[in-house]
Structures are given as structure tokens and as C-alpha cells.
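Asks: Each chain, letter by letter, is given below.
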Amino acid sequence: MEQFATMRRSKDGQPIRYLVVDDSVFARKNLARMIETFGGQLAGEAGDGAAAITEYDRTNPDIVLMDITMPQMEGIEAAERIVQKHPEARVVMVSSVGYQENIVAALQRGARHFVQKPVKPEVLYEVIKYVMGEDGAVANAAAGGAK
Amino acid sequence: MKMELIQPFINAADAVLAQGLQSPLAIGSLSMEEEAYRRKGVAAMVRLTGDIEGRVIFDLDPATAVRVARRFAGAELPESDDLVRETVFELANQVIGNAVTTLNDQGFHFRVHPPVLHDAEHGEKGSEDTEALVMWFETSSGNIFMNIAMQYSTVQTKGMAAGGRG
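If you read the sequences in order, they're chains X and P. Add 1487 to a position in the first sequence, counting from 1, and you land on the number used in the working numbering. Add 184 to a position in the second sequence, counting from 1, and you land on the number used in the working numbering.
Careful: at least some of the hints might be erroneous.
What the hints assert, rightly or not - Listed next, with one range per pair, are the computed distances between beta-carbon atoms:
no., chain 1, residue 1, chain 2, residue 2, range
1, X, GLY1500, P, SER215, 57 to 67 Å
2, X, ASP1499, P, LEU214, 53 to 63 Å
3, P, GLY291, X, ASP1544, 34 to 44 Å
4, X, LEU1594, P, ARG295, 16 to 26 Å
5, P, GLU322, X, GLU1561, 33 to 43 Å
6, X, PRO1574, P, GLU315, 45 to 55 Å
7, X, ARG1545, P, LEU301, 24 to 34 Å
8, P, LEU214, X, PRO1574, 43 to 53 Å
9, X, VAL1591, P, GLU217, 32 to 42 Å
10, P, GLY258, X, GLU1621, 28 to 38 Å
Said to hold, decoys possible - In silico EDC-like cross-links for lysine to aspartate or glutamate, where the CA-CA straight-line distance does not exceed 20 Å:
no., chain 1, residue 1, chain 2, residue 2
11, X, LYS1498, X, ASP1622
12, X, LYS1498, X, GLU1575
13, P, LYS224, P, ASP265
14, X, LYS1516, P, GLU263
15, X, LYS1516, P, GLU237
16, P, LYS186, P, GLU237
17, X, LYS1516, P, GLU260
18, X, LYS1607, P, ASP198
19, X, LYS1616, X, GLU1489
20, X, LYS1616, X, ASP1499
21, P, LYS186, P, GLU315
22, X, LYS1607, X, ASP1499
23, X, LYS1516, P, ASP265
24, X, LYS1498, X, GLU1609
25, X, LYS1572, X, GLU1561
Calculated from the structure, these hints are not laboratory results. Where a beta carbon is used, it is the ideal one built from N, C-alpha and C, also for glycine.
All chains should be modelled from the sequences, with the hints used to inform the complete structure.
Replies: Listed below in C-alpha cells is the structure:
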């Protein structure tokens, strides 16, 4: 998997911490590997929306990568509940179902962005950079081979 | 069975597999069958209900599933039944999600049910209503089988006959 210029938190230079929520272990592992290539850190994982809320409270991540179709509680509802409780939360929806009304519903209920599966690492990287805004900083951009 | 309902699934499978495997692939065979489905390996079945009703089955032999998982993850992964099942399920989710996106943007609304393991040796006997398109993709990781049975729901058909969506 290709390497990207490391993205860190501006405030303390520490790795960006991610909560990955997906009912597919395979999808979670895949996202975790991408996060690693971005220089990020996996703060926690959850397999459904209800567990995501609990994990958010426990880990207080910088970014949540949230699937939509999941058992127990779907991703859009979980995103809404997290943002209601933590207005600063940055939730990025990651789903194979990317039709317009789904995206609009997610954004209206608090998600910051949407990435369609299969996830292209370079797309996710740009979305993370955009969502982090001034709270994120790209380090060693001049390093050989880094994007 | 209407080809306009099937085509988005073929396109989505082509796109998802080509991107995930990062190698060229070809359609090995394509036929219509009314016979009961005989699975080749580990099969995931996803049902759709709503304007369009039917089901899609993805089917990979375990060795192919492991190779696909490793290609998708870009890493060596330990072989296990869970990995094989997860790979087939995730593949089904991604292909169907992308196809559903296309169909939804065309105005069709339906519910995608979570994938279930299709572990019977044979599927239900087909009929005119459940005629299925059977195809496989030849990939560098092995053959990936897809079986699609899809039709407009009765309500949808009536709606179209009454001058609904074209």
C-alpha cells in the first residue's frame, strides 16, 4: 500500500486518532491499514452504531469513519447521536451505498463528509485533510516518495 | 428479466473488482438459467425488496476468497473461515451498494437486506419469475461467480403500466 505524507494534529503534533465503525471486520482492517499509511492511530473500533457511541465516549477520537448499513443501529443515526452530544465530532460516512438522498441525510444529521466504497486511499486522505482543516497538519511533505 | 436492472450490477462488479484487485478481469461466461443455483464455494446472498425485487449471490471458492482478501487489503492475511466469509460478504456489499446507488439515482427505491451465508448445496428451484443471470469474472485471483435474479415488483410494474417511471 502506498505511503502518504504523515498527517498530524496541529495542536500537539500527535497522530490523528481514528474510530473506525463497520460491521465488516474485513472493512475495518482495510481502513485501519489506510490510516496507518496516513500516519494516524487507531483509537478504537466498533461493529455497529450503538457500540460506536460508547466507543466515541471512551476514546474521544479526532475522526470517526462510519459505515451506514449496520445491525443494531445504522451509521446515520449513530452519527447524529454522537454529534448531538459532541458538536465538535468529525464524522465521515464510508459506505458503498452512495446515492444522493443517503448522502444528504447523513450531512443533514451531522456528518462532515462522505466517501464511497471501495475506498480509494488517496480520496480518503484528501477527505481527512479537508475535514481536519486547520486542526490537521501535513508533515514531512518533502520526504521522498510521499504524496 | 430486464437487462436494465442487471447491467448496474455487472458494471458495479466490474468496477469494484478491477479497483480492488488492481488487475484486468474478463467476463468468463454469461447465461440465463432457471435451474436451482449450485454454489461453487462460499456464497453470500443479498435480497432486495421494493420497486425492484430479487437477489444477488456472490460465490467464491475459499482459496480465491483468501487471494481476493489479500489483494484488497494489500497485505498477507492469515487464512481462516472468518476471513473467507468476511471477504465474500464485503465484496457483495460493495458491488450491491454501488449498483443500488446507480438504480436509486434512476429513481428506484428499495431496501437492501444484509448478506446471509448461502450454505445450502442447492438453491431454490427456479421458475419463470426467478430466472437468473449466471456469470463469472475471470480475475488474477481466481473466478468470482455472480448470480442475479431481479424483477420489477408487482406494484412497480403496475405503476409503469399506468405511465409511471419510464
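Asks: Has the hinted range 53 to 63 Å been met by the Cβ atoms of ASP1499(X) and LEU214(P)?
Replies: The hinted range 53 to 63 Å holds for ASP1499(X) and LEU214(P), with Cβ atoms some 56 Å apart.
Asks: For the pair supplied as a hint, LYS1498(X) and GLU1575(X), is the alpha-carbon distance within the 20 Å limit?
Replies: Given pair LYS1498(X), GLU1575(X) holds - Cα atoms ~15 Å apart, limit 20 Å.
Asks: Is it true that the CA of LYS1572(X) sits at most 20 Å from the CA of GLU1561(X)?
Replies: holds (17 Å)
Asks: Should the hint that GLY258(P) and GLU1621(X) are 28 to 38 Å apart at their CB atoms be regarded as holding?
Replies: holds (31 Å)
Asks: Decide if the proposed pair is consistent with the structure: LYS1607(X) and ASP198(P), CA atoms, cutoff 20 Å inclusive.
Replies: Roughly 16 Å between the alpha carbons, so the hint for LYS1607(X) and ASP198(P) holds.
Asks: Is LYS1498(X) within 20 Å of ASP1622(X), Cα to Cα?
Replies: The given pair, whose Cα atoms are some 7 Å apart, holds under the 20 Å limit.
Asks: Is 33 to 43 Å respected by the C-beta to C-beta distance linking GLU322(P) and GLU1561(X)?
Replies: Between GLU322(P) and GLU1561(X), where Cβ atoms are some 36 Å apart, the hint holds.
Asks: Is 43 to 53 Å respected by the C-beta to C-beta distance linking LEU214(P) and PRO1574(X)?
Replies: holds (51 Å)
Asks: Starting from the range 45 to 55 Å, see whether the pair PRO1574(X) and GLU315(P) falls in it by beta-carbon distance.
Replies: Between PRO1574(X) and GLU315(P), where Cβ atoms are some 52 Å apart, the hint holds.
Asks: Holds or violated: are the alpha carbons of LYS1516(X) and GLU263(P) at most 20 Å from each other?
Replies: Roughly 14 Å between the alpha carbons, so the hint for LYS1516(X) and GLU263(P) holds.
Asks: Lying within 34 to 44 Å: is that true of the beta-carbon distance GLY291(P) to ASP1544(X)?
Replies: With Cβ atoms ~40 Å apart, the hint holds.
Asks: Please verify whether LYS1607(X) and ASP1499(X) have alpha carbons no more than 20 Å apart.
Replies: violated (28 Å)
Violation of the numbered hints given earlier is confined to hints 15, 22 and 24; the remaining hints are satisfied by the structure.
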